[in-house]
Amino acid sequence: MSSIETLPAAEPTAYYPSPLREFWSAFKRNKGALGGLIFMLMLVVCALFASVLAPYNPTEQFRDFLLTPPAWQEGGTSQFLLGTDELGRDMLSRLVHGARLSLLIGLASVVFSLVPGILLGLLAGFSPTRLGPFIMRLMDIMLALPSLLLAVAIVAILGPGLINTIFAIAIVSLPSYVRLTRAAVMTELNRDYVTASRLAGAGTLRLMFISVLPNCMAPLIVQATLSFSSAILDAAALGFLGLGVQPPTPEWGTMLASARDYIERAWWVVSLPGLAILLSVLAINLLGDGLRDALDPKLKNAA
Amino acid sequence: MSLLEIQNLSVRFGDDGAPPVVDGLDLSVDRGEVLAIVGESGSGKSVTMMALMGLIDAPGKVAANRLRFSDQDLLSLKGRQRRRLIGKDLAMVFQDPMTALNPSYTVGFQIEEVLRQHLGLKGKAARQRALELLERVEIPGAASRLDAYPHQLSGGMSQRVAIAMAIAGEPQLLIADEPTTALDVTIQAQIMELLLSLQRDQDMALILITHDLAVVAETAQRVCVMYAGQAVETGRVPTLFDAPAHPYTEALLASIPEQSDNRRLATLPGIVPGRYDRPAGCLLSPRCPYAQPRCTERPALEPYDRGEVRCFFPRNMTPDEAPEVLPEAQRPSQPPGEHHVQ
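Protein sequences appear in the order of chains A and B.
Just so you know, we're using my numbering here: the first sequence kicks off at 1 and counts up by one.
Just so you know, we're using my numbering here: the second sequence kicks off at 1 and counts up by one.
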């Protein structure tokens with residue numbers, strides 16, 4: 001006699017991966033982003049342990065070794081792996097210390113533009129009739145000026161230096177955060193869950209920071225990484241123009257500027273800081289792309 | 001005394017000259033009653049409920065002679081008091097479950113938040129209650145769903161979670177705004193069943209906004225038919241279905257595929273009048289197959305034996321039960337009550 005076996009009805013227990021794990025599995029599929037992440041981690045290690053990793057003090061001048069080529073070139077010595085600059089300072093040490101400055105400038109200017117940008121964007125999104133237009137017109141005015149010109153103007157007013165460079169870059173990149181936050185807030189505000197939390201008794205502050213803001217974070221995180229790289233570029237540009245970090249501080253852009261007289265005689269003095277800027281900006285951009293793909297659910301399904 | 005009493009509610013957007021989106025609506029709901037509000041898109045069903053909840057933002061204006069909910073005057077409640085009442089005693093389920101939950105938080109967190117806010121439950125107690133609520137709305141594997149994010153749930157399950165959140169405060173009145181429109185047919189029946197069983201068990205009143213007349217026939221005790229912001233007919237189920245008094249109700253019923261005996265589905269030509277093409281007389285008159293010269297006046301909502309009707313020439317009436325419907329202008333009307341904008 002044949003019998004039909006019935007399986008015991010299993011209690012459906014679903015296993016949900018944590019959001020972090022889900023993010024990571026989406027992120028690691030993107031090899032370019034992974035490469036960017038690894039390079040960034042190296043930069044961070046360089047920045048954190050600069051004084052341990054660098055063979056010499058970045059401002060120490062070896063007067064007997066002016067413009068020594070890198071070790072693998074004719075005339076190079078193993079004493080200075082990447083050669084020395086016009087004052088006999090070790091290039092490797094200067095580059096490693098420069099990573100610290102570049103990351104500091106990038107991080108600080110992102111924080112100083114992200115936080116006020118989010119606040120202004122939230123205010124503009126939540127008050128579409130009064131405060132909103134005022135904030136947005138102000139941002140439009142800032143966007144109407146070329147960003148580097150505005151940064152130069154701000155530095156010219158505040159005076160050159162590390163802190164003022166950070167402020168100038170932060171102010172220049174503020175409008176994009178405000179616009180991005182406002183746009184995200186406006187779309188989220190029309191969702192039913194916002195109405196639902198208003199119904200459940202949420203006040204305006206709670207709506208702003210707890211209901212709406214976390215749902216606007218994905219584009220902001222991506223914008224933050226991308227503007228991190230443009231902050232490094234802007235800082236290098238300001239340094240090159242002599243308005244940024246002042247010598248002898250080993251900032252990549254400043255190093256470029258002071259080395260441009262030797263571009264024909266000693267390529268390494270110009271190329272190496274340039275290469276450092278190029279690689280770190282590329283790495284951060286790849287990282288940002290990967291973040292966007294991993295955080296944006298619409299692109300996630302398409303892949 | 002009824003649980004919810006609305007008298008002469010008007011909502012308008014823009015300046016005072018703009019035609020109202022909701023026009024002089026009277027509505028009452030008793031404890032434990034199921035009231036259905038039907039009408040096509042743009043007839044003001046959802047706006048009425050938003051006005052009731054105080055969710056009409058400027059430039060919208062809400063005016064009413066009376067807006068009472070269980071002995072509390074909703075018109076005079078301000079800020080904190082209103083927030084304490086709404087969401088606890090008066091809750092709402094939305095049309096699209098996929099946007100009704102906050103994508104950034106787990107289901108458990110969102111339910112616990114309501115419990116924390118309105119019942120003061122914390123920690124383990126809140127979690128335990130959230131689990132009970134999920135089990136009450138018949139979510140399989142409720143314990144593991146507490147840690148799920150909304151995107152990990154299906155539409156039907158999300159709607160169940162939304163219902164769980166709505167009943168977390170044990171409301172006396174639940175408003176379901178087209179709760180099944182975004183779901184497929186098999187799930188629709190389950191969700192309606194769930195809403196009704198909750199309504200019976202907790203003895204709460206239910207306002208069901210829908211354009212699915214089949215659902216109304218099976219669930220509601222009373223129906224209010226709305227057209228262009230006005231109630232055109234109210235009546236009890238099933239009498240309203242057997243003998244619709246207003247031509248619009250008749251047309252709505254005729255447009256159900258199952259009721260159609262011809263090969264072609266009966267339709268009502270035209271669309272709901274918008275802001276700039278509101279007729280001077282009866283709002284239905286341009287579309288009404290029975291329109292007569294007198295329909296250039298606007299009729300008032302007039303009570304009769306089986307309900308109320310807003311038509312000079314009601315259908316399906318015996319001569320002695322037909323009400324004498326007067327033009328709106330001749331009825332002693334109360335001035336609109338105090339304005340409140342929120």
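Hint data in this document are derived by calculation from the structure and do not stem from the laboratory.
Please note that the accuracy of each hint is not assured.
If we take Cβ atoms under 10 angstroms as the criterion, some of the chain A residues that face chain B in the derived model are [stated by the list, open to error]:
| no. | residue |
| --- | --- |
| 1 | T195 |
| 2 | N215 |
| 3 | P247 |
| 4 | P248 |
| 5 | T249 |
| 6 | V281 |
| 7 | L282 |
| 8 | N285 |
Everything numeric in this text was worked out from a predicted model, so none of it was measured.
Cβ atoms here follow ideal geometry from the backbone N, Cα and C, with glycine treated the same way.
Hints versus structure:
no., hint, verdict
1, T195, "holds, 6 angstroms"
2, N215, "holds, 5 angstroms"
3, P247, "violated, 47 angstroms"
4, P248, "violated, 48 angstroms"
5, T249, "violated, 42 angstroms"
6, V281, "violated, 31 angstroms"
7, L282, "violated, 32 angstroms"
8, N285, "violated, 27 angstroms"
Checked against the numbered hints above, the structure breaks hints 3, 4, 5, 6, 7, 8 and satisfies the rest.
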